[in-house]
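> Kindly produce the complete structure, drawing on both the sequences and the hints.
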Amino acid sequence: MDLDAKIPSGPIDKKWDKHRFELKLVNPANKRKYTILVVGSGLAGGSAAATLAELGYDVECFCFQDSPRRAHSIAAQGGINAAKNYQNDGDSVYRLFYDTVKGGDFRSREANVYRLAQVSVNIIDQCVAQGVPFAREYGGTLANRSFGGAQVSRTFYARGQTGQQLLLGAYAALNRQVGRGKVRMHTRTEMLDLVLVDGHARGLITRDLVSGQLERWAGDAVVLATGGYGNVFFLSTNAKGSNVTASYRCYKRGAGFANPCFTQIHPTCIPVSGGYQSKLTLMSESLRNDGRVWVPRSKEDVGKAPGQIPEGERYYYLEERYPSFGNLVPRDVASRAAKKVCDDGYGVGVEVDGVRNAVYLDFADAIRRDGRQAISDRYGNLFDMYERISGESPYEVPMRIYPAVHYTMGGLWVDYNLMSTVPGLHVLGEANFSDHGANRLGASALMQGLADGYFVIPYTIGHYLATQHAGDVTADHPAFAQTEAEVRERIDRLVNLSGDVPIDDFHRRLGRIMWEYCGMARNAKGLEHALQQIPALREEFWANARVPGSSASELNPWLEKAGRVADFLEFAEIMCHDALHRDESCGGHFREEHQTEEGEAVRRDDEFAFGSVWEYQGVGQSPKLHKEPFAFEHVKLTTRSYK
Amino acid sequence: MKVKFKIWRQKNGAPSGEFKTYDVEVAEEMSFLEAIDVLNEQLIRNHDKYPEGPVAFDHDCREGICGMCSMVIDGVPHGPRPGTTTCQLHMREFTRRGFRDGDTITVEPFRAKAFPVLRDLMVDRGSFDRIQHAGGFISVGTGSAPDANAIPIGKADADQAFDYAACIGCGACVAACPNASAMLFVGAKVSHLSVLPQGQVERSGRALKMISAMDGEGFGGCTNHQECEAVCPKEISTDAIITLNRELMRAAVQAR
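Respectively, the protein sequence lines represent chains A and B. Add 203 to the 1-based position in the first sequence for this note's numbering, that's all there is to it. Add 7 to the 1-based position in the second sequence for this note's numbering, that's all there is to it.
Hints are computed from structural coordinates only; laboratory data are not their basis. Keep in mind that a hint or two might mislead.
Below, computed lysine-lysine pairings styled on BS3-like, alpha-carbon distance capped at 30 Å [what the hints assert, rightly or not]: (1) K764(A) / K56(B); (2) K443(A) / K216(B); (3) K209(A) / K827(A); (4) K839(A) / K221(A); (5) K764(A) / K11(B); (6) K120(B) / K385(A); (7) K9(B) / K507(A); (8) K217(A) / K234(A); (9) K216(B) / K385(A); (10) K764(A) / K162(B); (11) K443(A) / K18(B); (12) K764(A) / K455(A); (13) K443(A) / K13(B); (14) K221(A) / K234(A); (15) K305(A) / K209(A); (16) K236(A) / K385(A); (17) K443(A) / K11(B); (18) K9(B) / K764(A); (19) K305(A) / K764(A); (20) K11(B) / K162(B); (21) K27(B) / K443(A); (22) K543(A) / K507(A); (23) K162(B) / K216(B); (24) K56(B) / K443(A); (25) K443(A) / K9(B); (26) K18(B) / K764(A); (27) K221(A) / K305(A); (28) K764(A) / K27(B).
Here you go:
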């Protein structure tokens with residue numbers, strides 16, 4: 204597997220300019236002769252499809268939802284970072300770059316991250332021009348806030364719905380191109396396989412989810428922007444439909460999968476209320492600016508109403524353990540601390556399966572200090588959301604929170620041009636691995652999705668088409684028939700699953716294995732155990748699962764779900780292999796064997812300063828490891844400390 | 008809670024369907040969709056007794072923002088709680104409103120000529136996208152934008168634009184309207200862009216093109232029932248329709 208990252212030479216601040224000059228161009232009159240297949244219509248896919256069409260390429264865009272506007276980017280709340288330095292507080296491209304590499308715990312590629320920081324400023328310009336209603340000051344300029352512990356105010360936001368507004372901006376740009384006939388949008392269409400011709404990505408097999416028909420699409424390049432794989436845990440803040448299938452099928456066709464064990468857990472989510480729970484809801488972590496996190500000091504008190512527990516009997520564990528950062532320690536530290544107190548038996552709230560997995564986030568002091576109105580102005584919409592879901596008012600009783608899976612930093616390996624190890628297959632947004640290392644900073648996901656789609660792929664894909672592209676291919680090529688036959692065989696197998704056990708049952712059980720052994724904290728013994736349990740569960744799935752309905756040629760949501768869960772049941776193993784191999788703690792990957800006496804993560808830079816890229820070897824076979832070493836020439840390797 | 012769900016069942020591609028009733032035990036803490044999940048699990052496990060299979064319904068984010076969920080619950084799109092999508096509605100809301108064990112909750116798809124039923128509770132809302140294709144955008148190509156702070160926009164205007172831009176495109180407004188009109192949906196987009204300086208250049212054309220696409224899709228016109236505003240999960244005001252009508256008038260005058 205060739206892992207040449209193709210990082211341009213020269214000083215880091217000149218690399219992208221130099222590279223853009225060196226990239227070969229496609230003649231404007233020839234662009235219309237190329238068809239680009241874009242899978243996914245979120246921030247990355249939607250912006251890429253629109254921009255490529257503006258340039259003159261013919262674009263076919265696919266999404267499994269009923270409209271591109273439903274992509275899960277829509278649910279991002281907090282904001283989007285950009286090194287505009289509008290607040291004159293010392294921000295710069297270099298500082299955003301530095302913070303992102305450091306925040307990622309030194310497991311990302313410097314050159315990619317620098318470019319991300321560079322183009323961040325263009326994103327804001329573009330979105331404002333599209334009519335995105337960002338928050339503004341009374342003088343009419345854009346408002347910013349500090350987010351996720353950043354020392355500068357570089358986050359742009361649109362109330363608590365920034366993802367929605369940015370996505371609707373990209374959706375509008377996409378709609379304009381659909382109206383012009385340059386993008387053909389295929390909704391309720393799921394990509395089920397990648398077609399390779401002479402080793403290059405030249406097509407797709409998709410399923411029309413309404414008619415059930417398989418379709419072949421030939422193109423000159425493929426752009427995959429299909430999001431993350433957090434739903435391998437069943438319970439996550441992802442949308443119910445979010446899945447790994449498109450990425451995983453590409454992996455099976457030879458694309459390297461990088462750092463799959465890097466998953467992010469968000470500390471402020473609404474806890475599970477029962478065994479039927481179908482998903483978790485995140486609340487902006489800005490809540491930690493004013494809320495105080497605590498549990499009872501005594502295990503006898505965990506079932507009591509919080510109001511009955513006197514001040515002296517409350518354990519403000521973050522404030523006590525991290526006196527200088529207190530409740531504002533980073534996401535991973537706050538999450539692990541919550542898990543620890545709950546595992547030790549101090550968790551509060553409803554008992555589900557014999558455990559109480561929640562801690563209090565208490566606003567009583569803030570309300571006393573600043574008044575109810577001030578707190579309502581800051582968090583009113585979040586308090587309403589919490590009340591709607593939990594039935595309790597945070598003005599009266601402390602919120603209950605618990606960490607939940609939120610984002611996956613790992614993804615398909617890409618080079619500087621965002622091309623995977625399969626020539627012609629480009630991967631954008633959360634689906635690739637490149638920019639966030641082992642931990643993503645708040646407000647950086649929206650930035651990366653739009654950077655990749657608006658400002659990177661439109662340049663780099665032209666170079667591929669102008670230099671490596673190997674001539675016309677149509678869907679009559681035998682590779683299409685062959686791949687379609689393989690897809691059909693798998694679907695037939697799925698639709699014939701006629702046991703008694705619903706698909707969700709398997710998904711839930713897989714989620715429990717992954718959360719227990721490959722979740723917030725991992726150890727070798729647990730991961731080895733998971734690697735035993737997953738194949739057994741997979742076998743049971745193929746023996747006992749039930750897919751309602753008998754035909755693959757009709758709308759069947761359970762068949763769709765079964766295909767995705769079957770892929771998660773294979774993919775989960777790679778995650779565990781990766782977590783087991785990475786014998787260090789870094790960012791979202793916390794190996795219990797590698798921690799300080801105070802429970803802080805211990806990185807092992809001498810041995811693990813690389814990206815782990817896994818190559819498919821067959822179902823149930825250990826994947827083959829390849830390494831991309833990371834060099835840190837600009838950001839000094841340091842240990843994070845929040846004491 | 009012991010619930011009798013009376014649910015619309017319609018086969019793939021069938022011209023119509025029928026109601027079927029199912030008894031199911033759910034918890035107050037469940038969201039409405041989780042209650043349907045529990046029902047479906049029951050229908051799958053007892054497949055011999057229920058040859059019609061589980062109930063198909065649209066859903067995705069389950070946090071009130073993607074706009075995918077689309078059920079009419081006891082005659083009201085998204086159910087009894089104002090400002091709330093189906094996925095964020097919880098069963099305790101029914102208890103709060105006097106639900107007793109054994110009571111019936113009726114569930115139907117969003118019904119409108121322009122939203123054909125695909126199966127059970129799933130409808131095709133592609134018509135909404137096609138209205139947006141006609142003009143729901145500002146024509147600015149990537150790369151041609153001036154600095155974001157080059158054009159100041161007053162806070163009040165920015166906030167108002169946001170209020171309209173908050174539309175999630177679910178279609179509850181259409182399902183609630185006796186005319187199955189999409190005026191609130193179209194008005195929200197037209198108002199969002201007409202408030203902002205960036206949207207001025209294409210202002211008149213946009214309103215005309217979008218309303219013409221709306222008519223072409225088979226949506227009705229507005230006759231001031233205001234049911235749309237009452238059921239909108241994002242509480243978008245019918246001021247959007249007033250603005251839309253004003254924009255149409257303005258465009259008509261300009262065209263002369």
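> Work down the list of hints and note, for each, if the structure agrees.
Results for each hint:
A hinted pair counts as satisfied when its Cα atoms are at most 30 Å apart, and K764(A) with K56(B) qualifies at roughly 23 Å. Using a Cα cut-off of 30 Å, the hinted pair K443(A) and K216(B) is violated, with the two alpha carbons roughly 35 Å apart. Distance restraint check for K209(A) and K827(A): the Cα-Cα separation of roughly 22 Å lies within the 30 Å cut-off, and the hinted pair is therefore satisfied. A distance of roughly 25 Å separates the Cα atoms of K839(A) and K221(A); the hinted pair therefore holds under the 30 Å criterion.
Under the criterion of a C-alpha separation no larger than 30 Å, the hint pairing K764(A) with K11(B) is consistent with the structure, at around 27 Å. A threshold of 30 Å between alpha carbons decides the hint, and for K120(B) with K385(A) the separation of about 29 Å falls inside it, so the pair holds. For a cut-off of 30 Å, the pair hint linking K9(B) to K507(A) stands: about 29 Å separates their Cα positions. The suggested pairing of K217(A) with K234(A) holds, with an alpha-carbon distance near 28 Å, which does not exceed 30 Å.
Distance restraint check for K216(B) and K385(A): the Cα-Cα separation of roughly 19 Å lies within the 30 Å cut-off, and the hinted pair is therefore satisfied. In summary, the hint linking K764(A) to K162(B) is not supported, as the alpha carbons are separated by about 44 Å, beyond the 30 Å threshold. A distance of roughly 23 Å separates the Cα atoms of K443(A) and K18(B); the hinted pair therefore holds under the 30 Å criterion. Proposed proximity of K764(A) and K455(A) is supported: the alpha carbons are some 19 Å apart, at most 30 Å.
Distance hint between K443(A) and K13(B) is fulfilled; the C-alpha atoms sit about 25 Å from each other, no more than 30 Å. A distance of roughly 23 Å separates the Cα atoms of K221(A) and K234(A); the hinted pair therefore holds under the 30 Å criterion. Annotation: proposed proximity of K305(A) to K209(A) holds, straight-line Cα distance about 22 Å (limit 30 Å). Our distance criterion of 30 Å between C-alpha atoms is met by K236(A) and K385(A), whose separation comes to about 12 Å.
With a CA separation close to 26 Å, the supplied pair K443(A) and K11(B) stays within the 30 Å bound. For the proposed pair K9(B) and K764(A), the alpha carbon gap of about 28 Å is at most 30 Å, so the pair holds. Pair hint K305(A) plus K764(A) does not hold up; C-alpha atoms about 38 Å apart against a cutoff of 30 Å. For a cut-off of 30 Å, the pair hint linking K11(B) to K162(B) is broken: about 49 Å separates their Cα positions.
Only pairs whose Cα atoms come within 30 Å are accepted, and K27(B) paired with K443(A) is accepted, the gap being roughly 26 Å. Taking the CA atoms of K543(A) and K507(A), the gap is near 20 Å; set against the 30 Å cutoff, the hint holds. For the given pair, K162(B) sits about 29 Å from K216(B) by alpha-carbon distance, which is consistent with the 30 Å threshold. About 28 Å separates the Cα atoms of K56(B) and K443(A), which keeps this hinted pair within 30 Å; it holds.
At most 30 Å may separate the alpha-carbon atoms for a hinted pair to count; K443(A) and K9(B) meet this at roughly 26 Å. As the CA atoms of K18(B) and K764(A) are separated by approximately 19 Å, the hinted pair is consistent with the 30 Å bound. Note on K221(A) and K305(A): the hinted pairing holds, with a Cα-Cα distance of about 25 Å set against a maximum of 30 Å. Using a Cα cut-off of 30 Å, the hinted pair K764(A) and K27(B) holds, with the two alpha carbons roughly 24 Å apart.
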